[in-house]
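**Student:** Residues per chain, in single letters:
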Amino acid sequence: MKFKDYYQTFGVSRDAPQDEIKRVYRKLARKFHPDVNKDPDAELKFKELSEAYEVLKDPEKRAAYDKFGSNWQQGQDFHPPPDWDAGFEFSGADFSGAEQADFSDFFSQLFGSRQFNRSGRTAFFRSKGEDNHAKIIISLEEAWHGAGKTFILTRPDVNERGELVNRKHTINVNIPKGVSEGQKIRLQGQGMAGRGGGGNGDLYLEISFEKHPLFTTDKRDIHLTLPVTPWEAALGATVEAPTLGGKVKLNIPPGSQSDGKLRLKGRGLCTSGHSGDQIVTLKIVIPAAKTKKEKEIYRKMAEIMPLNPRQAMEGR
Amino acid sequence: MKNQLCIYSSTLIDENTSCNLRELSDLCSRNTELILEMIDEGIIIPAGASPGQWRFGLKEIHRAHTALRLIRDLRVNMAGAALALDLLEELEEMRRKV
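Chains as they are written, first to last, in numbering that gives the first Met the number 0: chain B, 0 to 315; chain C, 0 to 97.
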């Protein structure tokens with residue numbers, strides 16, 4: 000188990016007053032909240048912040064944590080000495096619910112015990128468990144074809160000794176054919192356990208696509224940029240274009256321009272009720288004129304078909 | 000510690016999804032009063048003339064879930080969540096265009 004320096008997480012000194020910790024936490028939480036910050040590392044950072052705040056905001060937990068002093072370094076191998084928490088009084092301040100999801104083993108070992116996690120009041124209430132939300136990343140091919148997929152999710156749980164532990168769950172989910180980004184799969188009753196006989200919460204899996212080397216998506220439409228030669232664009236041609244369902248022959252009409260768009264109907268993300276298209280954007284690639292002969296061809300073109308592409312800008 | 004959990008049934012929430020007020024409050028695990036507050040604040044906009052006919056789609060479910068997370072994690076109020084959601088949506092739209 001690695002030691003976690005919660006003060007370092009916030010970038011504050013060990014003697015920082017409570018209100019400074021609160022201020023820094025709130026600022027960083029706004030910055031790294033996974034709904035606000037789309038950086039893939041933001042979620043991890045937000046969890047680290049929540050874990051550090053869970054300890055530092057509570058004077059009792061902070062005092063117990065401070066007992067380790069500054070002898071420990073972030074990431075150092077750490078085993079708490081037996082009875083490390085002896086001599087501290089605990090009022091059993093409650094955890095703030097779902098925020099403890101995915102806290103580290105370091106946290107669970109130190110603060111997961113019953114002593115820190117007493118909460119007599121809530122047990123009398125019957126309440127449904129919290130919903131859990133997780134983002135799952137699938138490939139565009141899996142979305143196109145549909146797939147059975149296995150994910151490993153971490154969720155907090157309470158073990159037989161009443162300690163908080165993180166348990167890894169493997170779940171098998173059927174990804175329906177034609178799902179698009181942002182859609183959700185709801186797994187009823189797979190969220191946090193309810194209390195006092197209340198039902199379990201639900202687990203929501205939000206679909207997200209991993210970056211594809213060729214395609215991007217916009218709702219159900221798939222976008223592809225297709226490089227073509229100037230003569231294919233000018234004269235028209237039939238070329239092969241990749242789609243998620245395999246290669247297709249694509250007719251490029253004569254006189255096509257760069258950024259011209261062609262629509263392949265029904266080649267996007269389709270379900271039985273909805274269909275998407277593949278939008279192909281042409282990108283004309285100009286051959287470099289290296290040899291004398293090649294340069295001559297360009298000069299001839301200028302002579303035979305003079306063109307002023309900046310006509311619209313003239314006089315401005 | 001690995002537990003194998005097999006999912007036998009799941010619901011896909013996509014653009015076909017359309018739920019009423021009670022179903023939305025169930026999907027959010029919150030009471031209908033809170034959903035009504037979100038409607039008042041413009042966080043979600045129901046389709047349909049009267050509460051009895053209200054329908055909510057994927058976008059509304061997504062916005063309601065995000066608003067609840069922002070309220071819980073960042074301690075913003077309804078109006079703050081509404082503002083954040085609108086700005087986030089605008090930002091996403093701009094990113095898509097770039």
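Hints in this document: simulated from the structure, not taken from any laboratory. For every residue, glycine included, the Cβ atom is placed at its ideal position computed from N, Cα and C. Each hint should be verified, as a subset may be incorrect.
Said to hold, decoys possible - Pulled from the structure, derived: some chain B residues nowhere near chain C, Cβ distances all over 10 Å:
| id | residue |
| --- | --- |
| 1 | P39 |
| 2 | V178 |
| 3 | K246 |
| 4 | S257 |
| 5 | T280 |
| 6 | A301 |
Stated by the list, open to error - The calculated EDC-like cross-link candidates involving lysine to aspartate or glutamate, where the alpha carbons are at most 16 Å apart (straight line), are:
| id | chain 1 | residue 1 | chain 2 | residue 2 |
| --- | --- | --- | --- | --- |
| 7 | B | K56 | C | D72 |
| 8 | B | K37 | C | E88 |
| 9 | B | K218 | C | E92 |
| 10 | B | K37 | C | E91 |
| 11 | B | K127 | C | E14 |
| 12 | B | K218 | C | E14 |
| 13 | B | K46 | C | D72 |
| 14 | B | K66 | B | D14 |
**Student:** Now look at each hint and say whether the structure bears it out.
**Tutor:** Now for the hints, and whether the structure bears them out:
1. P39: Given that every Cβ of chain C is farther than 10 Å from that of B:P39, nearest at about 15 Å, it holds.
2. V178: violated (7 Å)
3. K246: holds (27 Å)
4. S257: holds (19 Å)
5. T280: Consistent with the label, B:T280 stays out of reach of chain C, its closest Cβ about 14 Å off (over 10 Å).
6. A301: At about 34 Å from chain C, B:A301 clears the 10 Å cut-off, so the statement holds.
7. B:K56 with C:D72: The hint holds at about 15 Å.
8. B:K37 with C:E88: At roughly 12 Å apart (the allowed maximum being 16 Å), C:E88 and B:K37 satisfy the hint.
9. B:K218 with C:E92: This hinted pair holds, its Cα atoms lying about 12 Å apart.
10. B:K37 with C:E91: holds (10 Å)
11. B:K127 with C:E14: Roughly 27 Å between the alpha carbons, so the hint for B:K127 and C:E14 is violated.
12. B:K218 with C:E14: Measuring from Cα to Cα gives roughly 10 Å; hence the hint holds.
13. B:K46 with C:D72: Status holds; Cα separation ~11 Å.
14. B:K66 with B:D14: holds (13 Å)
Going down the numbered hints, you'll see the structure goes against 2, 11, while the others check out.
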